[in-house]
Structure formats: C-alpha cells, structure tokens
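Colleague: Listed below are the residues making up each chain.
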Amino acid sequence: MKYLIKSGRLIDPANKIDGTLDVLISDGKIDKVGKSLNAKQAKVIDAKGKIVAPGFVDMHTHLREPGREDEETVRTGTRAAIRGGFTSVCCMPNTEPAIDRPETVDMLRSAINRDALCNVFIIGAITEGRGGKKLCDFKGMKKEGIVGVSDDGSSVDDENVMTAALKEAKKNSLIIIEHCEDMKISGEGVVNKGFISTKMGLRGIPREAEYERVKRDIELARQTDAAIHIAHVSCKESVDIIRKAKQKKVKLTAEAAPHHFTLTDECCVTYDTNTKMNPPLRTKEDVYAIKKAISEGTIDIIATDHAPHTDAEKDVEFDFAPFGIIGLETALSLAVAEFIDTKTMGWNRLIEALSAGPAGILGINKGSLKSGSAADVIIIDPEKEYIYKKELIESKSKNSPFINWTLKARVSHVFVAGRLVMKDGVISE
Amino acid sequence: MKTEKDGRPVWTKKDLLGLEYLSREEIALILYTAESFKEVTTRQIKKVPALRGKTVINLFYEPSTRTRTSFELAAKRLSADVINVAIEASSVRKGETLIDTGRNIEALKIDIIVVRHNTSGAPNILSRAVKSSVVNAGDGWHEHPTQALLDMFTLKSKLGRIEGLNVSIIGDIAHSRVARSNIWGLTKMGANVTVCAPKMLIPDKIEDMGVKVTTDIDEALEKADAINVLRMQFERDGALAFPSKLEYFKQYGVTAERLKKCKKDIVVMHPGPINRGVEMSSEVADGANSVILEQVTNGIAVRMAALYLVSNARGKEI
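Residue numbers (our numbering), protein chains in the order written: chain A, 1 to 429; chain B, 1001 to 1318.
Don't read these hints as lab results, they were simulated from the structure.
Be aware that one or more of the hints could be misleading.
No farther apart than 16 Å at their CA atoms in a straight line, the calculated lysine to aspartate or glutamate pairs in the EDC-like style are these [what the hints assert, rightly or not]: (1) K1263/B to E1219/B; (2) K343/A to E296/A; (3) K184/A to E159/A; (4) K142/A to E168/A; (5) K408/A to E383/A; (6) K314/A to D1100/B; (7) K1205/B to E266/A; (8) K1014/B to D1111/B; (9) K314/A to E1096/B.
Among the chain A residues that face chain B by a calculated CB cut under 8 Å, a handful are [said to hold, decoys possible]: (10) K193; (11) F195; (12) S197; (13) T198; (14) G201; (15) L202; (16) Y271; (17) D315; (18) E317; (19) F318; (20) D319.
Heads up, the beta-carbon is just placed ideally off N, CA and C, and yes, glycines get one too.
So here's chain A without its partners, still in its complex pose (with noise of 0.2 Å):
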C-alpha cells in the first residue's frame, strides 16, 4: 500500500527539516520527501493547514502487563497511545511479575507481538524484584530486546548497588532511567511539602527527596562514564543540578511530564485523587523552571508517565489513593498550550522533544522521517479544539485531571510502520 502525504507542513528534527513537503509511504517504508511529489496508485491524503511529523516515542509508559489488566492492557495501552501520536512506547518494568530476567522479557515480548496496535520496546528492572538489592541479568534482557533499565517506581537506595548497575549498564549499552527519589526523605508524603500541604492537613513530599537523589545518581553516572536518564525531573533545583552537570560532561539526559509543566500543587485542594502523583506536583516557579529548561534543552525531552490506575483505586480517600495519572492521550494538547501557545518555543523543538530527543537517548531507530525508514508518520490538526471527555478515553483507566478541559491539537492520522492505524481520528485495529 501506498500513501502519498501532501501539502502539509512537514516537521523532522531529526533531518532538520521544516517546510512544505510531501511524503510518500510505500511497503512499509518513508520512500521519499519532497516537493510537490506525485505517485500513481497512492493513496492521497491532503494535510494541507496540518502538520506531518514522525510517530512520537514515549520512553515512560506503564502498559502494566502482566498482572495489573484490570488497569491497563498492551492493547488499551497502546490504543491511548495511537490517539495521543505515539507510534513507540517503552513499557516500564513494575509491573507483576516485575520485568526482571530474560523469561519475562519475553513473556511480555509474546503478549506485545499479540496486542500491540505500536511499536513497544521494553524496560527491564535494575534490581530483581525492583527490590533495590540484586542486579538483574543485564546481558540476557539485552538478548531478549530490552532497550533500558530502571526500578521506576523506587529509585535504587543502595549506593554500591547503583554504582554496580551503572557499570553493568555501560558493558551492555544500556540506558539507566532513574526515579529520582530518597524514600528516607520523602516517607508517606502525598503532595508537595509547603503551604498546600500545610493547609491541606497532608503529609508533605520534601522536594530534597528528589533533587538529593539527582545529585547523587548523577556524581556516580560520572565516576562510572555511564549513561543516566533522569526520569520526571519535577522540581527546579533538579533543574539546576542537571544543567550544571551538563556543563561537565556527563552522559546525562532527563525527562519531565505534562502534568509537571501544566498543573501546581494548587490543584490538589480539592482532594481529587487525580492530582496525586510522584514525584508530586510542585510549585509555579517549579513549573516555569521545567518549561524553561524543556525549551533551552537541559530537560531534553518530554515524556508521559502513563500510570493507569481503576476507578475502584482512585476514588479513595486521598492519602489511601495510589499515585499517578494517564498521559498518553493529553500529552501532545498540553504542550501545544504551555509551549506553543506561549510561544515558549517553536515547533521543531516541541515534536523533537516527542520524538527524536527519546529515540535518540534509547538509540532506537525511529523519530525520524529519513527515506528508508518505517513510516511512522503522524498528521496533527494543530487548530483543533476538542473537549478530552472521560468517555472518549482510549485507556482502560480514566484518570485524568484533565477530563472536560478543552483542549487544542489533536493527531488526525497515525501511520505505524506504513499502516495507517488511525485515519480522521478513527482507529482501525
């Protein structure tokens, strides 16, 4: 099948493109991208007004296969993810069983082949059980296709430990993605420590507990010469400690969520359980902080955090909730609002941010629309407004602070390895 994109404003970091280009799809592939391209028996899809960028990769998904269905499936999970313009998600390892030898790996592997409507590439576990004590076989998940590691979830305490991983990551061309967070330090904290907590009567998450432990991760990724990913980087002395450490050169790259540059802890007033994740929301300086450190690229790129968690979990009494929120669907609508609406930056670094930034931190082949490569190719309407409504969500878990908001910028067409998985907002499965 050939399909010949025109007409539209075609954006790909990756090859430093930006113009109005066509691009044309055949077997599977990007065969060319060009002016004014012509091909007989192609599909024309006309993205005039609309822009044309390559299927966004998400390095921090919980798809929670296996052992949290109830929550999250490869297949709902990767549904959200073709409705938000994620034609790659990384799957993180806490689920259960977590993904922590070469077995499960491909387990979870088999489940993926089966369901999957995107490309998945696997997180494995540092630590088996993600219990922060024994290293996981690096060597044999690495076999079995897995792309990085990480405990997300906790961060690995014990500093040998991290020091070991760190090590055995580096001989296996493995990415460390850290969840930053000293749990000595953060306790049974449930939102932001400062006034909101004071006034809410909450237990408060100290934002030490996540910088302290930015600092420290970082000094042992350059004793080691390993490369570390600084997972959901959410308050602004971790901002300062990463810029700073990239002067020094550290193998050293970093994430922040949506919901990190959208919302404060102002949100959480109302003890909507869809306000409490980790690491918590935190403050506007914090905020401004993150999306001026997204824009200038010491945050290099954008990632979700997807944390589908059922309805049954989450309408609860707030310090009994679970933490976490959905992402996938929202991701590309809130940033086109705290970036491009603000003109806090343009385009090019926005779909960068989404796409070429991850693929390139996991050296996966994707994030790019260079002739040769699997069509993953994505068509947003930038202009369209919608109303994210609960019942139109793809995840098996609806919980979102976002649900009713209007929002602006939706992907309209999603190609996945040249099959057109969503057309006008329709998705084939």
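Given the structure of chain A, go ahead and fit chain B onto it with the hints provided.
Modeller: Then chain B, alone, in the frame of chain A:
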C-alpha cells in the same frame, strides 16, 4: 453570599467542610444563629422542632466521645432522629469504600452526615459523592470547623468581639485540625493570630495563612487577649518532636506563673481532653481565666446552628 430582601444573609451551602471555604459573613451567620440556640439550651425543655422529621448520622471513623456526644445532643435538641455509626479505621481499607458507604447512607434517605475521619479531605470527597449534607466533625490534620466555631463563639461571648483581638494558639500546630480551623476562622473575623510551638511542630509556610509564628511561649502570651492551648498527643506524632512530657511542660506548659505576666482577663481555651501537667497545669485549667467547660456547653449551640443551617440551605451550592 445571598441576602434576604431586608439584608439578612441566607445560608446556601449544603455542607460545612471547613472554615477555609466560608466567608466572614457566613461565619458570622453561624455564630448569630448559635446565639438563639444557646438560649434554647438553657430552657427547662431544651428542644425545638427545627429538624423534626430529619435524620442525622454520626459517621465516625475515629474514636471520639465528646464531639460525637455534642453532635448527638445538638441533633436531638433540634428534634432530628440520630444514628451513630463507628467504623474502625483499621478495617476501612479492606471494607467498603468511603464513597460506597456515603451512597448507602444516602439510599437510607439520611439528610445530614456528620463525619469524623482520620484522613484529611475525606469529608470533601464524601460531599462530592452524595446529595446529603456533610458536616465535618474533624478530618485528619485538616479542619475541625465546629470546634473553631465554638471557640470563636466562646471568645465573643467573653470579650464581646473577635475583631482586633490577639489570639495565640499554642501546641502541636503541625498535626492539629483545630489549629487550622481556628486560623481560618479567626483571621477572617479580623483577629490577630499567633501560633506557638516547638520548631518541629510548626508546619511549612504556616505564616502564609496569615499568622505570626513564634517558638517562644512568653512571646505568644505577652499581648494575648486569649489563648487556645492544644492537646499534645505524645502517643502520636508529638513523640518524635519532643523528648518528654515533662520537658514539654517546662518549655511550653501554660502555668499560673506564666499567666501572671499576661493580661489580667486573658481567656484560656482548650479543645479537650486536657493533659493536665503537659500542656497546661491543673491550676490554669480550673482557674478563673479558663472557659474550657463553657466551650463544651457552647459546642452544642454551635452544632445546632451548623446542622440547622446546612439542612435549610437555600439554592444549594457546593
């Protein structure tokens, strides 16, 4: 806030969740309404038919004798039917959820849910799930609005006003819903509030709630027209912050000796139950400045006002 044609304010809220959510006028209306119920409680026959045919449930997730009794009496003196349900906090997470419990209560056609809960915000969550009125009888460290209202009611009846008074709240501010509700209420009514505690028990950015902060009890007492002394709960979080009860008493206990240096008519309040010899000496608790038992009496009138107003809310808003 809406007003009657003659300018009297009209209560419009279905719930009483906290004093943070009320305006100065709404607080004044509760205190004003409580005045007339106070008179009722002094009659030979202490009952009015204001809530006849209405049902009130005391839904308590945390053990409480005094608050529950006070609410129960308040409801009964308004002629409401009252049910008491105690749910053990430890069983909550395994059992029915708060929202399911709320919906079941609603299905029983109960008009007002008085809820006490060990976690902050539980009444807020419950109030969104049901159409019945929800009255917060204390949630976690968050708010205890009727306690603060009865404190203000007592203060006003003693000193004739709240505006312009210097009120110091002394004790474990960090873990106190009484402190938070008092801060919201008193500052809205124009009092100057100082909070006083050991550093570890002063929560982050409490000054942003419009209060002065000190760790020095003598400073807190110096200009005070009234003090509200909180119960030190050594069995809970206080233990971490302070080495011993005796040491706390030495540094922060309100004693007759300390009171001597204060204004002569200083009003001494305590939400109870008192730890004699920890936050306050017996001499002070039982002394001339103490209004602790009047607070208990006033609690009924204030809770009658709260129950009456929420059940008669007009053009209900949330």
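Colleague: Which of the numbered hints are not met once you compare them with the structure shown?
Modeller: Every hint satisfied by this model.
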